[in-house]
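A.B. asks: Here's the letter readout for the chains.
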Amino acid sequence: MATEATKIVVIAVDGSEQAENAFDFYVSQIHRQGNQLLLVHSAEPPTMSTSQAVMLSQSVWDQMLESEKEKVKELEAKYADKMRANGMTGKIKAIFSNKPGEVIVDVAKEEKAFMIVMGTRGLGTIRRTIMGSVSDYVVHHSHCPVVVYRHTE
Amino acid sequence: MNARKILIAVDASEQAEQAFDWYLSTVHRSDNELVLLHVPDLLDKDKSKTSYLTSSAYDEALKKEQAKVKELEDKYNCRILENGLSGKIRTEGSSKPGEVICKIAEEEQAAMIVIGTRGLGKVRRTILGSVSDYVVHHSHCPVIVCRQ
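If you read the sequences in order, they're chains X and C. Each residue of the first sequence is one higher than the one before, counting from 26 in this note's numbering. Each residue of the second sequence is one higher than the one before, counting from 289 in this note's numbering.
It cannot be assumed that every hint is accurate.
What the hints assert, rightly or not - Straight-line C-alpha distance at most 30 Å; calculated DSBU-like pairs for lysine-lysine:
hint: 1; chain 1: C; residue 1: Lys384; chain 2: X; residue 2: Lys32
hint: 2; chain 1: C; residue 1: Lys352; chain 2: C; residue 2: Lys384
hint: 3; chain 1: X; residue 1: Lys32; chain 2: X; residue 2: Lys124
hint: 4; chain 1: X; residue 1: Lys118; chain 2: X; residue 2: Lys96
hint: 5; chain 1: C; residue 1: Lys293; chain 2: X; residue 2: Lys107
Since the hints were derived computationally from the structure, they do not count as laboratory data. Quantities reported herein were computed from a predicted structural model and do not represent experimental measurements.
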């Protein structure tokens, strides 16, 4: 074939161990030569209550943002290394949002991904990830197959 | 090293076949062993459904059902042979397919479960994809939910 459509796999990552396990699982059990990875880091912007916000000085807020950005950079470096170590081609997209499920689904649609890989527990606010509701959202709204990594140990 | 077992939930629907084909073309590795699992809602497990039938009508219905089960098993056994795969198909009748799928995946120590979102089950249930929902929430191993 002259040109084959690039096969893009979206992998949702955050700083959690489960996301890393999901990534490793994809590498060892699912990956095929020619698949291109698109790691989507959908991070929550730092939050605080309005009463706190009133008390906070600009510089403290700036520090919070900076440390978030640092975390993102570290994560990107870590996964870039992992991809390189496994001889894979891929990119990482970091998007700050309160709606990680929507972000993952939208990016997968835009990039015409043929598969999404994700865990059920991440670093998000406890109430949400205890139900695995980001993965729930993605499973219900995705336009392509979703690999839901679970490991109950 | 033991072969990895992949459990693929199937029924007579086209979607199940699509999920199977997708798995083969996208994920399958030659040393994977397949366990195809069919969980139909079988007549004789639910006496209340058949209590109104005469015994001959019941026998008829049972025969038809068994024929359908056999048809599905034959179909997938053929697919397995055609593709040179290592695998088998199991039929376990139950009105709780989600539970059975999870239970058997554990029994077989499956490395992952492949399941579609729409099957042939009663409409009310599959509109929400609730069998795949159940499996995603209760599985002991990763689940690939095939949506197209």
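A.B. asks: Hint compliance check: list the failing hint numbers for this structure, sorted ascending.
C.D. replies: Number 1 - this is the single hint that the structure violates.
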